[in-house]
Amino acid sequence: MSAQTSQPDAALSGAEAMVRMLQAHQVEYLFGLCGDTTLPFYDALSRLDHGITHILTRDERAAAYMADGYARVSGRVGVCEGPSGGGATYILPGVVEANESSVAMVSITSDVSVVSRGHYPLTELSQERLFAPLTQFNAVIDQAGRLTPLVRAAFRAATTGRPGAAHLGFPIDIQRAQIAPGDIWAQPEFGRFPAWPAAPDP
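Here the working numbering is used: the first residue of the sequence shown is 1, the next is one more, and so on.
Since the hints were derived computationally from the structure, they do not count as laboratory data.
The structure presented is a predicted model; accordingly, all values stated were derived computationally and were not measured.
All C-beta atoms, glycine included, are put in the ideal place defined by N, C-alpha and C.
Derived Cβ-Cβ restraints for the label pairs, each shown as a range:
| id | residue 1 | residue 2 | range |
| --- | --- | --- | --- |
| 1 | Gly75 | Ala199 | 15 to 25 Å |
| 2 | Ala132 | His54 | 20 to 30 Å |
| 3 | Arg176 | Asp201 | 42 to 52 Å |
| 4 | Gly161 | Arg72 | 17 to 27 Å |
| 5 | Asp183 | Gly161 | 22 to 32 Å |
| 6 | Leu134 | Ala11 | 33 to 43 Å |
Generate the whole structure from the sequences, applying the supplied hints.
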């Protein structure tokens, strides 16, 4: 099993770990736009040396469709991101298009903090229930220790068998949490699709 690693010595924030995980999966372009719950992630994108080109879009719909188009012509996973609440609903049409067309996509939507759930913060929305019936893989990263395995699972689900869309919800407090750097690795074959094509039905 091959793996690409990136293991700096210092602890990482969740936002920094997400950037490093995208880098480990050989992501070249990231399509999206910022919102209030995405600020730590954008700070990490601006500070770290990662080689990912961020394409700022007019809205979340454009981000998803651009990621879809990029994946179709490149054979690489299209990655898009957007803010919580209405941003998550706007990114959804492009996610559905990719999933139904067997195009590998990973969409990342920021979210309100885990501790504020049920207290009606601005832009609160059950992203897990919203994306569940429309994606190959769907999870909200509600614990810092789950970030790296869930990112790996999302890329694997998007590229293996029948390719499609995966979604990760990324709460703002998880973006700020501390994560040990030792688990920053990826299997590079899951950066392209189809990685492990499904066998034909006999």
